[in-house]
Each structure stands twice: as structure tokens, then as C-alpha cells.
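One-letter residues, chain by chain:
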Amino acid sequence: MLRPVSIEAQPQAWLTGALFGITAVVFILTSAALIAALVRQNPRPPTPATGSAQDDRGRIRAVVTAVGATAVVLAVVVAASLAAGPHRERAGPPDALAVEITGHLWWWEITYLAPPGGTAVTTANELHLPAGRPVDVYLRSADVIHSFWAPSLGGKTDLVPARPGHFRMTPTEPGEFSGFCAEFCGLEHARMRLTVLVDAPDTFERWLADEARTARAPTAPMEEEGRGVFLASPCVGCHTIRGTPASGHLGPDLTHLAERRTLAAGAVPNSVGHLAGWLVAPQDVKPGTLMPPAGLPDHELQALVSYLAGLR
Amino acid sequence: MLERTWGPGPGWLGRLTDVDHKRVAIRYVLTAVAFGVLAGLLSLVMRLQLAVPDNRLLGPGTYNALFTIHGTAMMFLFAVPVMQGLGLYLVPLMIGTRNLAFPRLNVFGYYVFLAGGLFLFGGFFLHASPRAGWFSYVPLASLQFSPGKGVDIWAQTITFTELAALVAAVEIVVTTLKQRAPGMRLGRMPVLVWAMLVMSVMVILAMPAIMVASTLLAMDRLVETHFFIPERGGDVVLWQHLFWFFGHPEVYIIFVPALGFVSQILVAFSRRPLVGYPAIVGSLVTTGGLGFALWAHHMFAAGMSHGQSVFFMVASMAIALPTGIQIFCWIATLWGTRPALRTPLLFVVGFFLTFVLGGLTGVVLASVPVDLQLHDTFFVVAHLHYVLIGGAVFPLLGALWYWLPKMSGRLMPEPAGRASVALLVAGFHLTFFPMHQLGLEGMPRRVFTYGRDTGWAGLNLVATGGAFVILAGLLVYVAGLAWGLRRGRLAGPDPWGADTLEWATASPPPSYNHAPLPAVTSRHPLWAPAATTVTGIRSEVREILVTTAGHAAPSHRQVLDGPAVAPLLLSAAVTATLVGVVFTPWAIVWGSPLCFAALTLWFWP
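So the sequence lines, in the order shown, correspond to chains G and E.
Numbering-wise, numbering that gives the first Met the number 0 puts 64 at position 65 of the first sequence, and it's gapless, one number per residue.
Numbering-wise, numbering that gives the first Met the number 0 puts 304 at position 305 of the second sequence, and it's gapless, one number per residue.
What the hints contain is simulated information worked out from the structure, not anything from laboratory work.
Where hints are given, some of them may not hold.
With the Cβ distance kept under 10 Å, some of the chain G side facing chain E (calculated, not the full set) [claimed, not checked]:
hint, residue
1, THR22
2, SER30
3, ILE34
4, VAL38
5, ALA83
6, ASP142
7, VAL143
8, SER146
9, SER151
10, THR156
11, PHE183
12, LEU186
Note that CB positions come from ideal geometry on N, CA and C, so glycine has one too.
Just need the whole structure built from these sequences, with the hints factored in.
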């Protein structure tokens with residue numbers, strides 16, 4: 000079992016452990032009773048049955064006792080489950096961080112909703128969170144049903160089209176945790192992954208401030224050329240790079256692409272080689288992805304890669 | 000004389016139109032097993048794909064098609080039909096009548112079932128496979144996200160098989176309630192007949208929900224309605240409610256007959272009456288009722304109110320009680336009887352050791368906070384296979400071993416039976432036990448591959464190995480049957496010394512089942528001191544005795560239908576219509592008159 004790292008996941012993990020204990024005990028007792036029943040020699044061996052009613056009172060009493068015990072165990076399990084959740088929605092604490100997560104075929108769009116006087120920040124496939132602060136997560140789907148699940152941080156919640164969802168979690172310790180889409184969502188369901196990075200509060204605030212900046216301007220001539228390639232290509236129809244005219248919304252925001260650990264929602268690590276491979280033949284990396292191949296001459300491709308790889 | 004009256008017509012047409020419930024039922028069982036074997040082979044390919052991380056054996060599209068067909072075929076084309084098929088075979092024999100209430104309808108039902116199964120597998124082999132899962136959640140299953148004919152074929156397969164299931168259910172309900180041997184009042188019915196009755200009533204209540212749902216989905220896809228399209232006012236969660244309102248009772252539809260098998264086998268081998276017959280029957284009925292009150296426990300993660308989730312959690316836990324009652328009654332029945340550990344009983348032991356664990360993980364999953372963590376992970380894959388294979392397939396294999404001597408007249412070889420039990424139980428736990436742990440470690444369901452970084456490789460490899468042990472167990476089982484059917488010792492009417500009426504007649508039973516129709520004075524007629532029979536039923540026509548529903552008092556005589564061509568024609572017309580609709584809505588226009596014509600012929604005076 001995974002170690003719980005949020006306030007919400009702790010009672011859940013405790014309850015899971017307790018239920019497994021009960022399961023093991025009941026299973027062992029029942030199996031032992033069955034084996035005893037099969038091997039035990041009856042002091043009065045039954046005559047080949049005649050169909051007449053035998054005196055079953057002792058056996059019935061044993062059955063009633065066992066059923067009563069079962070009912071008690073079930074009542075305890077219900078009570079424990081109610082204690083661990085589900086809880087009614089309560090009003091959020093005032094300092095909660097608000098994040099909107101939108102499921103797409105097959106990637107996650109993550110938007111830090113604007114605090115009063117601030118701006119919203121959009122990224123993809125990487126959820127950065129501060130430790131020790133409640134997070135209100137608002138869920139939307141752009142297409143089919145997905146389900147947000149970061150096992151170490153607690154249970155899953157579906158992203159249902161036309162039905163906005165919400166849950167709250169409070170990560171307790173820094174670390175890097177895996178996340179998945181848990182509801183079957185079609186071809187690339189298996190490779191719709193998410194990384195959750197929990198940081199100390201000040202580290203997180205620094206990251207968020209960095210992330211809010213517009214894209215870094217090209218410094219090398221190669222990067223400069225790459226930006227030209229990007230802006231002249233169909234890329235801009237789907238992708239946004241803040242600080243440039245590119246403002247498409249069908250694919251992930253690329254403003255700080257180079258900061259992210261993976262490409263294509265966890266399909267491959269984010270390195271220059273994988274980035275080039277992804278641009279040239281996305282269908283080989285992640286068959287079914289909606290990303291078309293770049294179809295650029297070698298030189299332009301190299302320029303584009305160096306531009307994108309520089310988007311820190 | 001009886002043979003001439005009740006036997007089939009001559010030639011191949013005689014075979015096709017034969018209304019003998021036993022022959023139709025054997026076809027049902029064989030067809031269902033064939034579909035089940037195909038679906039099982041697909042799961043082996045899936046296990047090969049998951050054996051190692053980042054495997055490139057299958058692409059995601061093929062894998063998704065495989066698990067969709069595997070689930071759909073196992074549920075709709077194997078599990079329900081095989082249980083119903085055995086019910087159609089055994090119920091008339093066990094209640095002492097000559098045939099089912101509507102012999103021609105039964106023939107129609109079988110051909111519709113066959114056509115539905117061939118349609119689904121035909122689509123699969125012609126690369127028009129559904130890929131949206133056996134549950135076909137919308138909007139993934141809508142035309143926008145699942146183009147092509149796959150989901151349409153899936154939806155029509157549902158219509159085919161549910162139509163057939165409804166036919167079989169009506170047969171069993173009416174036959175059970177109106178054709179029992181005089182004296183077999185409800186309190187003397189064998190537990191298996193009770194189980195088949197409960198299962199059939201559940202089919203009648205549950206199947207319409209999925210037929211409506213799959214038809215609405217087909218209409219969304221074919222004639223642009225928008226029941227399930229959110230942008231146009233449809234509701235995707237409605238689909239889940241309709242699907243699981245059928246889908247959860249479906250599990251009990253499969254499981255309740257298996258409980259009946261267990262009770263019959265236990266009585267025969269412990270050679271004593273069941274402890275707590277009324278409690279066991281009451282539990283079956285309660286399971287059937289409660290089974291309709293917990294469908295939304297499949298949807299905790301989809302978002303529901305606090306009150307709803309508490310209700311469905313409590314209902315899901317409560318259903319453990321009737322099952323527990325039966326388990327305890329069975330143990331109390333066996334206690335100290337020193338039963339002979341023959342293959343059917345060994346399968347029952349395998350059932351216990353597997354199903355009890357599956358039931359307990361069901362209680363774990365019913366707890367909402369735990370379910371939100373484990374839902375849609377491999378833990379659920381483990382749970383459902385413990386319940387369905389442990390709870391239904393093991394009793395089924397035991398039941399076949401137990402009743403095949405009746406069906407074939409020959410005993411199956413014990414050594415092969417024992418070896419297959421050992422291999423199957425060991426292989427099963429090797430395959431599915433590690434999946435609990437995979438689910439706890441965060442492995443979601445329905446993934447065609449997983450990364451090396453996840454650490455799930457070892458347990459997956461073990462599971463794949465186990466799957467091949469299961470295959471070996473099944474091969475030994477089948478080899479045993481093949482040997483037994485040709486060379487097995489002759490069984491005689493009652494090789495197990497069992498108590499119920501099917502063992503009173505020859506093995507295999509003649510076309511008319513029982514020569515003089517039996518009358519019954521106890522719950523265990525074959526253990527009663529003297530057999531009693533019914534007289535005054537004509538043998539030159541297909542006449543049976545109709546009795547009252549509660550007390551089975553003789554009511555009147557009735558002549559049943561014999562073979563006819565019309566059921567064949569109607570099933571052909573229905574098949575043409577349902578298949579045609581997938582390609583053009585005009586199929587309704589030309590298909591309806593065809594069906595109407597066949598019905599007219601059927602009911603021509």
C-alpha cells in the first residue's frame with residue numbers, strides 16, 4: 000500500500016488497513032470451519048439420509064451465532080467508513096489554493112485560478128502544490144469522462160462533461176507523486192499520466208511566480224529562428240506561448256515547456272531527443288494522439304527544437 | 000409411444016426445429032461455452048501484453064478491443080446463457096414435467112442468442128470491434144469519440160442476448176410455477192429450482208433497463224438523437240445509472256444459480272437434508288431483491304450526494320448477510336458428514352476458498368472512502384474475478400461434472416477431475432491474488448501497458464504465469480470430459496445417490512423425461528420410501544399436468560406445442576432486422592413486416 004501524504008488520505012489508508020485485517024480474520028475462520036466440517040468425524044455418523052427432518056437445533060444455533068457475528072462486523076465496518084468519510088461538503092478555508100484541472104484526450108490542463116488582483120496561470124500534466132495548505136480542485140472535462148487520481152494523495156474523482164466537479168486535499172509533505180487517469184477514456188488512457196510535485200510553501204510560491212511570467216525571449220540566433228518557425232506553423236492553432244501571438248487552446252500551454260519533466264502526459268521524458276522525436280512522429284510515440292507531425296525540413300526542425308527546449 | 004409423441008421430427012429439419020428442452024439446452028450450454036472459450040483466449044493475449052512493462056505485443060487499439068470483447072462476451076454470451084441453459088435443461092427434469100411451458104419460444108430464444116454472439120465475434124474478426132469497454136460509457140461510446148460500427152454492433156449484441164435471456168427467463172418462471180409435480184409445493188422445491196426462479200425474475204426486472212439504454216445509445220449513433228450527448232442536453236451519468244441498474248443485478252443473475260448448484264451438490268454428497276432450507280431459500284430471494292438496491296456503488300467517484308453514497312454503501316454491505324447465511328448453513332450441513340471428496344464437491348471447496356475472499360473484498364470496496372481509492376484499479380479486477388470465477392465458474396464446473404452423467408449416461412474420470420480442480424484453484428489464485436496488491440500500488444484498470452518506473456512488473460509477470468496454469472487446468476478438465484463421454488463408466492439413473500427427481504429417470508433421459516410423471520410427498524423424493532406417480536395423462540399427444548403455483552395441486556391437463564418452422568423464420572427475421580439497423584434505419588421499415596409475417600405464420604390457427 001502507498002504511504003498517504005495528504006490529510007484526506009490518512010483516515011482512508013487507516014480504514015483500508017483495518018478492513019484488510021477483518022477480511023483476513025473472517026477468511027481464515029470461515030476456511031477453518033469448512034475444513035473442520037469436512038474432516039471432523041461425527042460421534043453419531045448420519046444414516047444414509049431418509050429425507051426425514053433430523054434434529055438440527057444445535058447446527059441452527061451455530062448458524063444464527065455466526066450470522067449475528069457477521070452482522071456486528073458489518074455494522075462496525077459501516078460505522079468506521081462513515082467516520083472516515085464520505086463527508087458533506089464544507090465551506091473552504093479562506094487560504095485555500097484554487098486549481099482547475101481539465102481533462103483532455105489524453106492530457107491534463109492545469110490552471111491556477113487567479114487570486115484577487117493576480118493572474119491565472121496555465122500549465123499541463125504537472126501539478127505543483129504547496130505542502131500544508133488546503134487545495135480546492137475544480138474538475139472539468141473537455142471531451143469524455145476522465146478521472147483524476149493521485150494515489151498517495153487520496154481517492155479519485157471523475158471529470159464528467161457538463162458536470163463540474165470538486166474535491167479538496169491538503170498535501171502534508173513535499174515529494175514527487177504519480178497521478179493517473181483512472182476512468183477508461185479511449186485509445187491512450189494508459190498514457191494519460193500526471194506528476195504531482197508537492198513543495199515547501201515558499202518554493203511553491205516562487206515556482207508559481209516564475210510560471211506566471213511570459214515566455215523567455217530567445218537569446219541564440221537558432222532559438223530566434225525557431226520562434227519564427229513556430230509562429231509561422233500550424234502549431235499556433237492549438238498551442239499557447241504567453242508573450243507571443245500563439246494562443247491556441249486545443250493543446251497544452253507551452254510557455255514553460257522546458258520546465259516540465261515529461262512530454263505527452265508522461266509518455267516520454269522531456270529531453271531534446273525525445274522532443275524532436277515527438278515533433279517528427281507523434282503517432283509513433285503515442286499512437287492516437289491528436290498532435291499532427293510537424294512535417295518540417297531538418298534545419299527548421301532543429302531550430303524549433305532549440306526554441307522549445309529553451310522555454311524555461 | 001411416448002418416444003414417438005415427444006421425439007423430434009425426421010431429418011435435419013427435425014433437428015433444427017426440435018423442441019425437446021434438453022437438446023435446446025445442451026446447444027445453449029455448448030454455444031455459451033464456445034463463446035466463453037473465445038473470450039478466455041482473448042484474456043490470455045491480454046495477460047501476455049501485460050506480462051512485461053512497455054510491451055509492444057499489442058497496440059492500445061487492439062488491447063481496448065480485446066478487453067471490450069472479453070467483458071462483453073463473458074457477461075452476455077457466456078455467464079448468463081450458460082446458467083440459463085443449465086436451468087432450461089434441469090428445471091423440467093427436477094420438477095417432474097415433460098417440457099418447458101413454451102417449447103417453440105425456447106427454440107426461438109436459442110437462435111436469437113446464437114445470432115447475437117456470432118454478430119459480436121463476426122465484428123471482432125472483421126475488425127469492426129467495439130473498443131469502449133463492456134460498459135460503453137458515454138460520451139466515449141458516442142459517434143464522435145467512437146466512430147465506426149463497433150459500438151453499434153455492441154449495442155445490438157446486447158439487444159440480441161437480452162431478448163434471448165428474457166425468453167429463457169419467462170420459460171423458467173412459468174414452467175416452475177405451473178408445471179411442478181403434484182405435491183411439490185413451494186417449500187419442497189429443490190434449492191436449485193428456487194435459484195433458477197429467483198434468477199429468472201431478476202432477468203425480467205433487470206434486462207429491460209439495458210435494452211432501453213443500448214437502444215437509446217444506438218439511436219444517438221444512428222439517427223442523431225441526443226439522449227447521452229451533453230452539449231445537446233443529454234446526460235452522460237444517466238447512462239451509468241441505466242447500465243448499472245442492469246449491470247449489478249447481472250452479477251447476482253450469474254451468481255444465484257451457482258449458489259443453487261452448491262446447495263444441490265452439498266445435499267447429494269453429505270447425504271443429509273440442508274441445514275436451514277428456509278433460511279437458504281429466503282437468502283436467495285433476499286439476494287435477488289437487494290441486488291437491485293446497490294447499483295450506484297459503481298459510481299461513487301462520479302460524484303453523488305452524501306445521502307446517496309451512504310445509502311448505497313449500507314445496501315452493498317448488507318448483501319453480505321444473505322450470502323453469509325448460506326455459507327454458514329452449508330458448513331453446518333457438511334459438519335461431520337464425512338462426505339466423499341469427489342470432483343463436484345472439490346469444486347465446491349474451491350468455490351468456498353475463493354468466493355469467500357471475493358465477497359470480503361466486496362465489503363472492503365463497498366466502504367466509500369476505500370472505494371474512492373481502489374475503484375477502477377486492478378484491485379477491482381481481482382475482486383470481480385474472485386466473485387465471478389470463484390463464485391460462479393467453479394460451481395458451474397462442479398455442476399457440469401455432477402450432472403454430465405445424467406446428460407450423457409457416463410461418469411467422468413475422477414483423476415482428471417481432481418487434477419483440474421487443483422490446477423484451476425492454484426492457477427486462479429496465482430493469477431488474481433497479486434492483482435489486489437497491484438491495485439493497492441496504484442495500477443489503474445484498462446491500461447494496455449505500464450512503465451518500468453511503476454514497479455508493477457514482477458506481480459504482473461506472476462499473474463500472467465498463473466493464467467497459463469488456469470489454461471492447463473481447463474485443458475485437463477476438457478480432456479477428462481472427452482474421455483468420460485466416450486469411455487466413462489455407465490452411470491445408471493442415480494450415480495451419486497442424490498435426492499431430486501432428475502435422478503429418477505434414465506441417463507440420458509428420454510425425450511419425455513419421466514415415463515410415468517412423478518408425484519412428490521417430501522423435499523427429497525428419491526430418499527422417500529416409495530415413489531408415487533401421476534396417471535391419466537395421455538401419451539399420444541404432448542400432454543402435461545398443470546398444477547397450482549403455490550401448493551402444486553393438480554389443476555388441469557394441457558397439450559404443449561410440438562416442433563414448427565415458424566420460430567426459425569422469426570429468429571431469422573429478427574436477426575436480419577437487428578443486423579440491418581446497424582447499417583441503415585430503413586431496416587426497421589423492411590424488417591418489421593418480415594417479423595410480422597413470421598409471427599403470423601407462428602400463430603396461424
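Results for each hint:
no. : hint   : result
1   : THR22  : holds, 4 Å
2   : SER30  : holds, 6 Å
3   : ILE34  : holds, 9 Å
4   : VAL38  : holds, 8 Å
5   : ALA83  : holds, 4 Å
6   : ASP142 : holds, 7 Å
7   : VAL143 : holds, 4 Å
8   : SER146 : holds, 6 Å
9   : SER151 : holds, 8 Å
10  : THR156 : holds, 6 Å
11  : PHE183 : holds, 4 Å
12  : LEU186 : holds, 5 Å
Going through the hint list in order, the structure satisfies each hint without exception.
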